[in-house]
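Visitor: Read off the chains here:
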Amino acid sequence: MDKKLVIPGEFLSENPDLADEGTYVEDGKVFSSVMGVASMKNRIRVVPLSGKYVPKPGDLVIGIVKEVAFSNWIVDIRSPYEGLLHISEYPRRIESEEMSRYLNVGDSIMTLIKDVDANMKIELTLNDQRLRPIREGRVVEVTPSKVPRLIGRGGSMIAMLKNETNCHIFVGQNGRIWVAGKDKGMDLAVRAILKIERETHISGLTERITRFLKEEKGEKIIEREPVEQETEKMETQEEKEPSEKETMEEKEGGILDELLGNDK
Amino acid sequence: MNKPENLIENGIRLDGRKPDELRPIKIEVGVLNRADGSCYFEFGGNKVIAAVYGPREVHPRHMQKSTSAVVRYRYNMASFSVEERKRPGPDRRSIEISKVSREALEPVIFQEYFPRSAIDIFVEVLQADAGTRTAGINAASIALADAGIPMKSLVSSCAVGKINDTLVLDLNKDEDNYGQADMPVAITKDGNITLLQMDGHLSRDEFREALEMALKGCEAIYEMQKAALMEKYPAQLEGDVIE
Chain C
1 MDKKLVIPGE
11 FLSENPDLAD
21 EGTYVEDGKV
31 FSSVMGVASM
41 KNRIRVVPLS
51 GKYVPKPGDL
61 VIGIVKEVAF
71 SNWIVDIRSP
81 YEGLLHISEY
91 PRRIESEEMS
101 RYLNVGDSIM
111 TLIKDVDANM
121 KIELTLNDQR
131 LRPIREGRVV
141 EVTPSKVPRL
151 IGRGGSMIAM
161 LKNETNCHIF
171 VGQNGRIWVA
181 GKDKGMDLAV
191 RAILKIERET
201 HISGLTERIT
211 RFLKEEKGEK
221 IIEREPVEQE
231 TEKMETQEEK
241 EPSEKETMEE
251 KEGGILDELL
261 GNDK
Chain H
1 MNKPENLIEN
11 GIRLDGRKPD
21 ELRPIKIEVG
31 VLNRADGSCY
41 FEFGGNKVIA
51 AVYGPREVHP
61 RHMQKSTSAV
71 VRYRYNMASF
81 SVEERKRPGP
91 DRRSIEISKV
101 SREALEPVIF
111 QEYFPRSAID
121 IFVEVLQADA
131 GTRTAGINAA
141 SIALADAGIP
151 MKSLVSSCAV
161 GKINDTLVLD
171 LNKDEDNYGQ
181 ADMPVAITKD
191 GNITLLQMDG
201 HLSRDEFREA
211 LEMALKGCEA
221 IYEMQKAALM
231 EKYPAQLEGD
241 VIE
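Protein chains in written order, with this note's numbering: chain C, 1 to 264; chain H, 1 to 243.
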């Protein structure tokens, strides 16, 4: 068995060279440091089931402007630390007095983490063509550790979601997700996202969500019977989860898709 | 209740327990939606709820540490938690308990992972029946794990005491009031002691034996804490079996 649920302090391995995220080494042995799913393939890592978002340079996130200060917007990025968006990081030149005309308190932005220094000062930027303020659609929040699952293998989950719901979707690494499209599509997309969040740790996720979306869309014609649901669950249990390493790579791919405008 | 003649007779205590028996424990994880992590913990007649927030920004600002997180622990008893109304608000006793409980948990938290941030732990005692600080520490350590905060281990805690010259595990209210000693202990999984207090008198040998009993009690509690956390994600376990 190479995957299991662990609590902090559980013994994982005798080989400290394999220790990766979510673990710590003591007396040459590897222990888990968070509650989560431990995987022993190649490296030993524990993917947490909950926890705050810790900013990393290069992450795309969705922030909400908290304060307009002199030459900086102070942005909430759902982490223990606030983000700073300097006036020069706005795509066009604006005067300090006019800042709130462009971005005011409460506005949401898709933004990129430009730099994180040792003091946890976080610099954000909007200087990138894929980044912009959010003017329409909705933003939903999920646990940040579940973002890789939401994107899926090679961006499969998110591509499928976009396809089935006809929505634009942007996934921030901080667990904020922007959805825009027709009202019905958005409703469905939001419900699917929340379902993914609830069921990330159960295997056969993509398949289950595909079925969920199809059913929801067809629901107006045929009412489902509860018995059917039961059998479906049994089937999907058989599916194998993608390995953690894969999910990590997918994360990159998924975002790249996002950036390259692979959505319609 | 007036002082009973004997708190223990023929190895059976007033509430029917054996000397080394814990009171029944009930644990529920994730009972609060707003908190990052939470836990409801029943320890015999004790009912406590723990909520964990963070890591989050530190307010007031001057409290923040530039190289690590600050851990703040607030132990509070509800005014209705004891028979005679407890005057609300912090008092000498609850400030002390907050401090020792915080120090019982700090060694296991990887504080240096989150510089300039705060981890806030709130423990509310809804009903008190001796041993609320141990119940609070048990609840808080589960709530910390539930919040996804990196830790070396869970912390488990229980008390030992002396009644009628007999060492007993996990005192209840009457045993605490009329007993000769009360000693709360908290340990990490590998047996490091993070809390040790003593009220009353124990001889050196009694102390050794008492500590031994407390460690056994804590181990039992650890297993229950672990089971409660695991229970929150039952589907994962099913998935495991199939894989």
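Rather than coming from a laboratory, the hints here were simulated on the basis of the structure. A hint or two may mislead.
[Unchecked claim] As a list, the in silico EDC-like pairs of lysine to aspartate or glutamate whose alpha-carbon atoms are at most 20 Å apart:
no. : chain 1 : residue 1 : chain 2 : residue 2
1   : C       : K121      : H       : D199
2   : H       : K232      : C       : D117
3   : C       : K56       : H       : D199
4   : H       : K65       : C       : D117
5   : H       : K65       : H       : E112
6   : H       : K152      : C       : D20
7   : H       : K65       : C       : E82
8   : C       : K66       : H       : E57
9   : H       : K3        : H       : D199
10  : C       : K3        : H       : D199
11  : C       : K4        : H       : E231
12  : H       : K232      : C       : D115
13  : C       : K41       : C       : D59
14  : H       : K99       : H       : D120
15  : H       : K152      : C       : D17
16  : C       : K41       : C       : E10
[As the list claims (entries may be wrong)] Rough simulated footprint, nothing fancy, chain C against chain H, three-plus residues with beta-carbon under 8 Å:
no. : stretch
17  : 41-50
18  : 55-67
Owing to the predicted nature of the structure, the values given are computational and were not obtained by experimental measurement. In this text, a Cβ means the ideal position worked out from N, Cα and C, and glycines have one as well.
Visitor: Of all the hints numbered above, which does this structure not satisfy? Sort the numbers upward.
Guide: Structure breaks hints 1, 2, 3, 10, 12, 13, 17.
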